[in-house]
Amino acid sequence: MSESEASNRRHDAWATELAKFTGTEMKVAHRGHAAEFLRANREAVLARTKALSSDTPPALHFDARWGVRNDRTA
Amino acid sequence: MTELHDLDIANAGRRLRDGSLTSVKLTEALLDRIGRYDDKLQVFVRVTSNSALDAAAAADRKLAAGVDLGPLHGIPIGVKDLYDTAGVPTTSCSRIRADYVPSVDSTAVAKLREAGAIILGKVSTHEFAFGFDAPPTRNPWNTECTPSGSSGGSAAGLAAGFFLGATGSDTGGSIRAPSAACGVCGIKPTYGRVSKHGVAVLSWSLDHAGPMARTVADLVPQLQVLAGHDHRDPTTIDVPVPNYAEALTGDVGGLTIGVPRNYFFDKLLPEIESGVRQVADELGSAGARIVDVDIPGLDHMLEIFLSIVQPEAAAYHLQSFRRAPDRYGDDVRELLGQGNLVAATTYIHALRARAAVCQSFAQVFDQVDVLLAPGLPVTAPKVSQTEYDWGDSAESVFAAHARYNCPTNLAGLPSTSAPCGFANNGLPIGFQIIGRPLDEAMTLRVADTYQRRTDWHLRRPVF
Chain A
1 MSESEASNRR HDAWATELAK FTGTEMKVAH RGHAAEFLRA NREAVLARTK
51 ALSSDTPPAL HFDARWGVRN DRTA
Chain B
75 MTELHDLDIA NAGRRLRDGS LTSVKLTEAL LDRIGRYDDK LQVFVRVTSN
125 SALDAAAAAD RKLAAGVDLG PLHGIPIGVK DLYDTAGVPT TSCSRIRADY
175 VPSVDSTAVA KLREAGAIIL GKVSTHEFAF GFDAPPTRNP WNTECTPSGS
225 SGGSAAGLAA GFFLGATGSD TGGSIRAPSA ACGVCGIKPT YGRVSKHGVA
275 VLSWSLDHAG PMARTVADLV PQLQVLAGHD HRDPTTIDVP VPNYAEALTG
325 DVGGLTIGVP RNYFFDKLLP EIESGVRQVA DELGSAGARI VDVDIPGLDH
375 MLEIFLSIVQ PEAAAYHLQS FRRAPDRYGD DVRELLGQGN LVAATTYIHA
425 LRARAAVCQS FAQVFDQVDV LLAPGLPVTA PKVSQTEYDW GDSAESVFAA
475 HARYNCPTNL AGLPSTSAPC GFANNGLPIG FQIIGRPLDE AMTLRVADTY
525 QRRTDWHLRR PVF
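Listed in order, the protein sequences are those of chains A and B. Mapping of the first sequence onto the working numbering: residues 1 to 74, in sequence order. Mapping of the second sequence onto the working numbering: residues 75 to 537, in sequence order.
The shape of chain B in the complex, shown without the other chains (with noise of 0.2 Å):
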């Protein structure tokens, strides 16, 4: 029988509901899995034992008299620790926020408390989702590694075991990135698909938040509940959410899949180009059409990113960046302290750039129903490693881990990212499916689709 920890979330709750399986025992199996390899792993910023054990019994209780509030029901989960939570510390990982503790939830904590989800704790996050690992937190496939970032704790704990889900955010790719690095799943929504009310803002125009998971098919509760308007979060689009289970059909035939010949396979480990090379042809298998399509444009991607996260960021924290920069991070002051400089104007031709970054991909999507790319180019650094050697040239770990990645913030495009293997080091590498704005439920029904032919996301570490 599959071991507690290594239940995916439509099992979980087909045992919840035949009365094999309680939420309370689904807690305290992980909970005990927290306790014996936390120490190791750190992913968790706090454990809340006593209310997540409380609200699984809430949960049963609830079961047992007939009311079902749908899949996540005592379900449990992680929260990324830069979700308000009412009434538990939320740090965002800085010392800026050590003592701050929400009176209410962040509006998609809300949801998920209302789906029944139960909370396990906050887990790491890079200082403000400024950077791509989440300190001191290791990747499970290699403890020597980090497990990326900003979602780190995330993907770490997904991958470790500790939890079924959790929330993530990605301005530069801070869900998929860490979903490559650790072999899991993870959906950037569409911008304004999701309410980022609560969720400690990196860089407003940019900022995305959306759930992960062990499966591309765990993905879907997840985002069916945090998806949606929210009258608190002006950026979110007053749109109807789709039944995104019923996107997962398992069918891609008649659909055209883009594999961009420019960009996204430029200066990258030669097994992620084949290992995603080889998603391309096990969806052609499967009925797709793969063609090939340039996306123009995509020049000085890093540079445009940064010419707008950085002044964002540096607006955001200003009050409490003159009056404490000491009790920042190094490399978060850093990044703070550039963006205080970077000229309006520079802002100014950044967003220009970006508008022809949307028009692009718009061409694009008038050829293909999604795009095929690598989730990273290389696999997790180790915890002290700056930079990638690429022999002729050095690249630091922000920008390998942001350059496949920030071009769909910058376009606001929904992209699910999916495990496709491993590299020589034995680390999990990944790929994304980038649709049109609005379409998540392309992007999951081809990664589901995927993953039903495949077995690489049921592959677990041993750490």
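So here's chain A without its partners, still in its complex pose (with noise of 0.2 Å):
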């Protein structure tokens, strides 16, 4: 089993665990859906940040570029 297949199954695991723990008495089909969903969206926001500088502040430069005070990225 290769690591990320081991990552996924480990995430749906905890996925069911934590369905239970939420009481969302979600189905398995259902449950799976949420996994595969939740998976790719992981995945497609990861490749986002990979593509940001380590560095990169969460929210200073906008704030400080137009000087509006508020916790949108906070």
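There are no misleading hints in this set.
The following residues of chain B were derived to be distant from chain A, with all beta-carbon distances above 12 Å:
| id | residue |
| --- | --- |
| 1 | G93 |
| 2 | K114 |
| 3 | G161 |
| 4 | S177 |
| 5 | A321 |
| 6 | L343 |
| 7 | E356 |
| 8 | D366 |
Derived coverage of chain B by chain A (criterion: at least 3 residues anywhere in the stretch with Cβ under 8 Å from a Cβ of chain A; other residues may be distant):
| id | segment |
| --- | --- |
| 9 | 378-391 |
| 10 | 410-419 |
| 11 | 425-434 |
Because the hints were derived from the structure by calculation, they are not lab data. Virtual Cβ for every residue (Gly too), placed ideally from N, Cα, C.
Quick one: dock chain against chain with the hints and give me the complex.
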């Protein structure tokens, strides 16, 4: 089993447990769909952030540039 | 003479002041219209006829006594059922909130009442604003279609001539998508410009409250009342509110309008692309400089959006979701269930990506005054439709209605949506004007200039 497959299995197992904990009573198929959806989302977001420099500050550039005080990305 | 249900806010106000119309007469006419047609369109969750007529009578008495509360005095509006209204059930169109009767108004509703607006009732939303329709509301342009959502009741009611103004909320397009789908106007103000106190939360960091109307000019008096700092909403920005009416100069000479080369024209109906490019031509004819621009870093917008909105919504609903998950609709239950499972690391990465989106827009706004983009890549879907077929692929209704809109929720930028024609299927299409933070006035000015030169906003559906 590859590392990513193992990771995905762990994620599925964890998702199942958390689903029970939160009382969502999701069906098995639904859980599988949720896990697949979340995995795809996570990978897309990771792919996007990998393209950012590792020291990109979360919000400072935006606020400093336009002087807007808010907690949009805080 | 213009039918009462076709009056805009300015003309209704003029007639209320010259004595040719009373607020009671206007309210009665709209209530009559609602009575005749709302069985078909199902815009209203609850019509508050008695309190509306009482408020209209009080508004008439004040005007007669020389007390003028401003442009909204005596003007009937609809309120999205997400906004708390004292003594009136505010269900968010969810069984979870079926018995919720707030004791006080949301800040927005309180401000609208103080400005003399007449609240005709509560209008439909997707459950907790978490989706792009507003069941059971139908689109007045084609009653087999949804009005989009989540502010679908507001948009459909405006198009149907049930009220002259409305409140909406926009977390990933919920003001602009139904505006485009129903041929009406809406503005998602800058994040923090309008108080969300007393408005049910979908996503704390993405939610925006704002007004909707049939014309851009009619957005102005509503936004003027709604905008401003509110100590009860810590996300509101404590900065002066400009006079928005002064922005409506009808002049775009010297402005630079950017038309994105990337992202905002990906995968859309050809007639929507041509309609929005005709908007650019019209604004160019009016004196604006039209330039093509690239907005870097708009990859994976939908995933970034969902990785924030879902866990924030799940956090808001955590207690009631644990207690009674079955009281949510199937789609919202699934979205909240997934939201409970988004890893904190994914959420953090999405926030980092969001910061980069803000920076990308900031760079573009060094070159342009506003951006012009389509409101939606598609027209309103059929009621039972779950996907759009692009030939080589299918896209969910949710994704299609969110992807042009959610980038400005992530960046918190103001955006005004307005109609610009009809697709081949006869349904309305729309555009949006995106502005710099806090520059709602510029987006209104540009969209209003377009409306002064065209008449799409004057077309009315037959239903």
